[in-house]
Amino acid sequence: MATAESILFKEHTENQGAPVMSICHLYKSFEDNHVLTDFNLELFKGENMVVLGKSGSGKSVLIKCIIGLLRADEGTIKVFGENIPDLNDEELDKIRTKIGFLFQSNALYDSMTVRQNLEFPLRRHWIKVSQQEVDAMVTNALNDVGLIHTIDMMPEELSGGMRKRIALARTLILKPEIILYDEPTTGLDPVTGREIIRLMVEIKKKYNTSSLIISHDMNCVRMASDRIVVLLDGICYANGNYEELTNNQDPKVKQFFE
Amino acid sequence: MIKQNANNIKLGIFVLAGLIFLILILYMIGRNRNLFGSNFILKVEFENVQGLKAGNNVRYAGIDVGTVKRINLINDTVTEVIMTIGDKAKTIIRKNAIASIATDGLVGNKVVNITSAKQASALAEDGDVLRSKKPLDTDDMLRTLSRTNNDVAFIAENLKTTVSRLNNSTALWNILNDKALPHNLQLSAYHIRLATAKANSIVNDLYAIVSNVKNGGGSLGAILTDTAFAYNLNMAVTKIETVSDHADTLSLQLSHLVTGIQSDVNHGSGIVNALLKDSGMVIKLNESLDNVQKGTDGFNQNMEALKHNFLFRGYFRKIESKKKQEGKQVTTAR
Amino acid sequence: MKQISSLNAALNEAGDISRFTGRFLSHWFKPRYEVAEFFRQCFIIGYKSLPLVGLTGFIMGLVLTMQLRPSMVDYGVESQLPAIVSIALIREIGPVITALIFAGKIGSSIGAELGSMRVTEQIDAMEVSGTNPFKYLVVTRVFAATCMLPVLVMLSDAIALYGCYLGVNIRGDTSFNLFWTQVFDNLAFYDVLPAFVKTFFFGFAVGIIGCYKGYNSRKGTEGVGRSANSAVVVSSIIIFVLDLLAVQITDLLGFY
Chain Z
1 MATAESILFK
11 EHTENQGAPV
21 MSICHLYKSF
31 EDNHVLTDFN
41 LELFKGENMV
51 VLGKSGSGKS
61 VLIKCIIGLL
71 RADEGTIKVF
81 GENIPDLNDE
91 ELDKIRTKIG
101 FLFQSNALYD
111 SMTVRQNLEF
121 PLRRHWIKVS
131 QQEVDAMVTN
141 ALNDVGLIHT
151 IDMMPEELSG
161 GMRKRIALAR
171 TLILKPEIIL
181 YDEPTTGLDP
191 VTGREIIRLM
201 VEIKKKYNTS
211 SLIISHDMNC
221 VRMASDRIVV
231 LLDGICYANG
241 NYEELTNNQD
251 PKVKQFFE
Chain X
1 MIKQNANNIK
11 LGIFVLAGLI
21 FLILILYMIG
31 RNRNLFGSNF
41 ILKVEFENVQ
51 GLKAGNNVRY
61 AGIDVGTVKR
71 INLINDTVTE
81 VIMTIGDKAK
91 TIIRKNAIAS
101 IATDGLVGNK
111 VVNITSAKQA
121 SALAEDGDVL
131 RSKKPLDTDD
141 MLRTLSRTNN
151 DVAFIAENLK
161 TTVSRLNNST
171 ALWNILNDKA
181 LPHNLQLSAY
191 HIRLATAKAN
201 SIVNDLYAIV
211 SNVKNGGGSL
221 GAILTDTAFA
231 YNLNMAVTKI
241 ETVSDHADTL
251 SLQLSHLVTG
261 IQSDVNHGSG
271 IVNALLKDSG
281 MVIKLNESLD
291 NVQKGTDGFN
301 QNMEALKHNF
311 LFRGYFRKIE
321 SKKKQEGKQV
331 TTAR
Chain A
1 MKQISSLNAA
11 LNEAGDISRF
21 TGRFLSHWFK
31 PRYEVAEFFR
41 QCFIIGYKSL
51 PLVGLTGFIM
61 GLVLTMQLRP
71 SMVDYGVESQ
81 LPAIVSIALI
91 REIGPVITAL
101 IFAGKIGSSI
111 GAELGSMRVT
121 EQIDAMEVSG
131 TNPFKYLVVT
141 RVFAATCMLP
151 VLVMLSDAIA
161 LYGCYLGVNI
171 RGDTSFNLFW
181 TQVFDNLAFY
191 DVLPAFVKTF
201 FFGFAVGIIG
211 CYKGYNSRKG
221 TEGVGRSANS
231 AVVVSSIIIF
241 VLDLLAVQIT
251 DLLGFY
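Protein chains in written order, with my numbering: chain Z, 1 to 258; chain X, 1 to 334; chain A, 1 to 256.
Just chain Z, with the same shape it has in the complex (with noise of 0.2 Å):
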């Protein structure tokens, strides 16, 4: 078993080069609760990976450390071989421009159009594109997610599963290689959810990006994830992919699956 293992895992290695994104050592806590004690992780170009992980137990300020919206007190977290910590504001903006972000409440800018909203991270980095190319990037990126018709809408006219997409088209719109997604299915039905979640793997097959999912919603961990981590405890507990996880017999592990 564990000779099966480690061979995966070189064939993984071997396949994808080296890791777009390695985490090591990484501490964070705020005041008395420590949340992230000596945390590691390694994402590999083109792979779909989940942290899986309860409430309150870190997910979110791990991916808001890797985005540089919270500065980790220890450890580097190297994205594209820069350590996002040491990094100042200017080299910091240059490198969000390769990761995507969507946020748990998708954050859109709710005084601007669908539109607006999209042209938003275009206008930031590129100030030479001429307006041709901005509307062109734009309706591509809203048929990815097939809203179109919403071009001209205000976000709070719009479904929480539009929302949703519409934030996914905006992070999709820079062309990032990773893409951070924070609980992408909560607040939504299932049905909904599963919509979500195909429109994931979708993007990630058809612009061969690299994707962390924060999620704890059992359907979306086992239809979009090449490979688990269990987040528990400020570590990383276990990983695997989907079948060696349910196989797990560790019952900190299993009370995820069952």
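Be careful, since some hints might not be right.
[What the hints assert, rightly or not] For each label pair, taking beta carbons as the anchor points, the in silico distance ranges come out as:
(1) T76(Z) to K2(A): 37 to 45 Å
(2) I249(A) to S22(Z): 54 to 62 Å
(3) T76(Z) to Q3(A): 39 to 47 Å
(4) V197(A) to G62(X): 33 to 41 Å
(5) K323(X) to D251(A): 50 to 58 Å
(6) R123(Z) to R33(X): 29 to 37 Å
(7) K2(A) to K252(Z): 37 to 45 Å
(8) I249(A) to G12(X): 27 to 35 Å
(9) W28(A) to D152(Z): 13 to 21 Å
(10) G55(X) to D74(A): 45 to 53 Å
[Unchecked claim] Straight-line distance between alpha carbons at most 27 Å, and here's what the computed DSSO-like set of lysine-lysine pairs gives:
(11) K135(A) to K175(Z)
(12) K48(A) to K94(Z)
(13) K48(A) to K10(X)
(14) K78(Z) to K205(Z)
Note that these hints are calculated values from the structure, not bench results.
What you are looking at is a predicted structure, and each value in this text was computed from that prediction instead of being measured.
Quick reminder that beta carbons are idealized off the backbone N, C-alpha and C, glycines included.
We have chain Z already, so just place chains X and A on it with the hints.
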């Protein structure tokens, strides 16, 4: 995009309106301070500038023509006032014009008044030094006033004794008891009328003084700081009061006298006749009234000098109202 | 103990606000400049506040004139009414009342807007998408507030003077020309300039406090409400404190 443009235009109008108002305010103030447009400098030297400050107005014939630019102390007795005068006044102010310091209103700012001299002279040029007039000294004014008051009091006292003697003299009454000639009575009545007219003019003079004082303004600061002056003032007021008291008595007695005469005439007794025969007496009466008028003229002059002094306003108002009341009483008595 | 901790909290907040201001200044100088957003904010903050500010200014001028008239008549200086009202308006009432109205309208709206953006993670979203939200949201708003309040105060002064003119003419007859002369004869540069300069600081205070409160809003609806509320309260207090400072400084410099 069109909406954005419209918004920008509105914003532009908004900001411009604000700025234009600011510039307008600043421009208007600047114009009032002679900051814009050309102007020239005139100087004048005073012993005492009486609290004149840079920025105070300079007036010619009551019109603002410039402002005080700076005040320099030249030495222990001379202060130089430098004035900025607008070019408009350049063709008006002459070299021999006289500058004085006055107060704008009752307690207003100090102003420099430039007045023209009667003699002809060339027009003033940039940097010319004008002549200055020493401002009125209230202390001097009051000292004179006090003396005049004494004189008036003295005259009134004398007049009073005369009248009372006249009243009490049995000899006089005897004369009056003599049989009378009617046409002499008429003549005397004419003389008395003359005397009354004189008295009337005195009253008018007094009234003019009162109204002058009422309208006048003055140097509040100087009065309030000088205690010796306050004492003088007090004295003066007391004296004025005494004088008017005496005048009261005097008029009362005069009135009695007239009533006596009248009753005598009515009763056909000869007193009036005799009196009226005695034209020398009437002339004397006239003389004494002349004297009173002279005294009053002196008083008048001093009052004229005092007319800027507002402290007297209340007092004279009181006198005036008293007079009015008396007038009323007389009317009702009639 | 409780006092000490609340004092600590107040000092802490003062420190935070100072740091926030420092951050504003450093971001303000550094490129890139969010010019378009700045103009958009100017429009919202300045132009859209004009009706409110104009109305209050007009009423202020009118009411002040009518309230002062009886005393002025008692002293026999009714003719000085335009002068005294215009000096009061331009030196003090115009800037302070306008700034307070501005704090009520703009401070609360900035506080609530940024607060809800913070709560719904829109600020994080901007940051993640490579936009510097501080530059985009805070710098533009604070700078717009700083630039727009002086303009508003000027217009409010103008409208208030018009109100004063009407007020004078309710029970009197003063031609506009005479009114105009009386007003400007009695104003001096030191009436206008310090009042104008201090409005920049008022505007800056309203902007920076509104942004600080909104930007650091706590989660939840209550947090947003509290941000909006305390933005108004704190900026109003700061306006008065600045006003006190301004009058002392002008006094020290000899503008009186």
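Quick rundown of the hints versus the structure:
The supplied range of 37 to 45 Å is met by T76(Z) and K2(A), whose beta-carbon atoms lie about 44 Å from each other. Range check, I249(A) to S22(Z): Cβ separation about 58 Å, and the 54 to 62 Å hint holds. Look at T76(Z) against Q3(A): about 45 Å separates their beta carbons, and that is inside 39 to 47 Å. The hinted window of 33 to 41 Å between V197(A) and G62(X) holds, with their beta carbons roughly 37 Å apart.
Evaluation of the 50 to 58 Å hint for K323(X) and D251(A) yields a pass: the beta carbon distance comes to about 51 Å. As the Cβ distance of R123(Z) to R33(X) is approximately 51 Å, the hint placing it in 29 to 37 Å is violated. A C-beta distance of roughly 44 Å is found between K2(A) and K252(Z), which places it inside the suggested range of 37 to 45 Å. Against the hinted window of 27 to 35 Å, the Cβ-Cβ separation of I249(A) and G12(X) comes to about 33 Å, which satisfies the hint.
Taking the beta carbon of each, W28(A) and D152(Z) are about 34 Å apart, not inside 13 to 21 Å as hinted. With their beta carbons about 29 Å apart, G55(X) and D74(A) fall outside the hinted range of 45 to 53 Å. Note on K135(A) and K175(Z): the hinted pairing holds, with a Cα-Cα distance of about 24 Å set against a maximum of 27 Å. Annotation: proposed proximity of K48(A) to K94(Z) is violated, straight-line Cα distance about 37 Å (limit 27 Å).
Only pairs whose Cα atoms come within 27 Å are accepted, and K48(A) paired with K10(X) is accepted, the gap being roughly 10 Å. Taking the CA atoms of K78(Z) and K205(Z), the gap is near 24 Å; set against the 27 Å cutoff, the hint holds.
Violated hints for the displayed structure, listed by number in ascending order: 6, 9, 10 and 12.
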